[in-house]
Amino acid sequence: MAETPDTHLIIIDSDPDFLSWAAGHLKAPGVTIVTFERPEEGLAAYQKKRADLVLAEIRAGTGPASGIELLKRLRQSDPHAMAILFSGTATTSHVIEAMRLGAYDVLPKERLPYELRSVVESALTGIEARRQKREQTAEVPPESIQETIIGRSPAMQEVFKLIGRVSRSDAPVMITGESGCGKELVAGAIHKFSPRAQKEFAAINITAIPDNLIESELFGHEKGSFTGAVNQRIGRFEQCDGGTLFLDEIGDMPLAVQSKLLRVLQEGQYSRVGSNQTLKTDVRVLAATNKNLEEEVSKGNFREDLFYRLNVVRIHIPPLRERREDVRLLAEFFLQRQSARRRGPVMRFTDDALDILEAYDWPGNVRELENTIQRACALCNSDVLLPSDIPLGSKGTRHHGPASTVTRMRDALTMLVNMADKTPDIDLLPWVERELTRIAYRHCNEDEAKASKLLGVPANTVQSYLSAPAVKKTKKAS
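For the sequence shown, position 165 matches number 147 in my numbering, and the numbering has no gaps at all.
The set of hints was computed from the structure by calculation and includes no laboratory data.
Quick caveat: nothing in here was measured; it's all calculated off a predicted structure.
Even for Gly, the Cβ is constructed at its ideal location relative to N, Cα and C.
Do not rely on the hints blindly, as some may be mistaken.
[Claimed, not checked] Only pairs whose alpha carbons sit at most 16 angstroms apart, straight line, appear in this in silico EDC-like list of lysine to aspartate or glutamate:
#1 K262 x D234
#2 K31 x D(-12)
#3 K281 x D234
#4 K181 x D264
[Said to hold, decoys possible] Distance ranges between label pairs, derived from CB positions:
#5 Y96 x G12: 18 to 26 angstroms
#6 R310 x E430: 51 to 59 angstroms
#7 A341 x E276: 29 to 37 angstroms
#8 D264 x F208: 21 to 29 angstroms
#9 S257 x Y96: 53 to 61 angstroms
#10 D(-1) x R330: 27 to 35 angstroms
#11 E304 x S100: 17 to 25 angstroms
#12 E97 x R310: 17 to 25 angstroms
#13 V212 x E277: 39 to 47 angstroms
Build out the structure end to end from the sequences listed, making use of the hints.
This is the structure we're talking about:
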């Protein structure tokens, strides 16, 4: 680390071995480092002597002593407090909330050996300028945030950090990404973590509304202003006054409506369809698109001045194929949700089923993954999802993966063990021997010699298994 005169660091973590490593890792001339295992001890030390930077575990301690609560109290005590948080188990809400409260960064613990020094140096380099610009953040977080945006990949961690930063302001945000990647969820999270959280949030998909009704949907209309307008109707800008309006697929908005939207963004004023009365509104606008708006502007399909008004901050959500490490996490989340809705046994994946999910490209992104899990749960024959239960592709075809007898045998064994738990009186072993022999026989194109070699048993054993009758349940002795 570069020498920083009179630099004072506080490190807080429940693991003494980690504290020892971190202190040694950040040791440098002119840097004083003190460590604490309890957040309240670190806070007391900070209040006694202000540190230049606090490094803390997000979940150090419990309840009021947690890392998030520590950050809140640090910011209450000193609006200019600088903090870096780290954790191996941080949830989406933790990351967003930490950034919303003004954390300099949030780092996964596994990345600390590679990134901690550079992030600390960056925080200390700009500390004076950041202190001058930083404003105290109002504390109005919702009581609880449901985990709906899920991801541990570095790309999604950056998305969470951006959500936390932009939620503190009223700046318009442009959310980009392919269809099905979760743009509306990001918009909802920005609203939930913003000072507008107690006001209305509405999401409008522009492509779902006929062009001649979009203006009425957004700005409202007067009775008799057009055919079918039998009553006065307030629009979304009036409904969401003081709150947030999310405009999905903004690239498909008609040019005539774009002009009226621009006026709202510039002046906070609009009129209902069929009215000369000017109304005022205070609405934060979030927009999303899967189109390249720069190209749409060059083609004359989208107003350039509106584009710049909406594109103050941009958050790009990467497609699922570029963050495959999130597939397993998302799949488990969707499966748990389906299990809860079914009110039956808790469902689970086999490892092979998860491998197939991770290997697939997911052209429909998270939405396709969720639909796939829902369809698999509806069609499966047990509470264990096998590779053969996973329907992939636009036609819902079942994907079996490579023609691997070993994989199919493992799947069969998994299902049978699960079945044996429910019916312990079945003669399971003879049934398994017979069924696996028949699987191998079919796989070898009904060649007994090849099946014998594959299974590692004599040919006459294969013959006996193939000719064996179905195995029935045994009756328990009375």
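Evaluation of the provided hints:
A distance of roughly 25 angstroms separates the Cα atoms of K262 and D234; the hinted pair therefore is violated under the 16 angstroms criterion. With a C-alpha separation of about 13 angstroms, the suggested pairing of K31 with D(-12) holds against the 16 angstroms cut-off. With a CA separation close to 13 angstroms, the supplied pair K281 and D234 stays within the 16 angstroms bound. For the hint pairing K181 with D264, the CA-to-CA distance comes to about 11 angstroms; that is within 16 angstroms, so the pair holds.
For Y96 and G12, the Cβ-Cβ distance of about 24 angstroms falls inside the hinted range of 18 to 26 angstroms, so the restraint holds. Here the CB-CB span from R310 to E430 is close to 40 angstroms, at odds with the stated 51 to 59 angstroms. A beta carbon spacing of about 34 angstroms between A341 and E276 agrees with the range 29 to 37 angstroms that was offered as a hint. For D264 paired with F208, a C-beta distance near 28 angstroms keeps the hint of 21 to 29 angstroms intact.
Look at S257 against Y96: about 60 angstroms separates their beta carbons, and that is inside 53 to 61 angstroms. The hinted range of 27 to 35 angstroms is satisfied by D(-1) and R330, whose Cβ atoms lie roughly 34 angstroms apart. E304 and S100 have their C-beta atoms about 24 angstroms apart, which keeps the hinted 17 to 25 angstroms range intact. Checking the proposed 17 to 25 angstroms range against E97 and R310 shows it holds: the Cβ atoms sit about 24 angstroms from each other.
Between V212 and E277 the Cβ separation comes to about 41 angstroms, which falls inside the hinted range of 39 to 47 angstroms.
The earlier numbered hints that this structure contradicts are 1 and 6.
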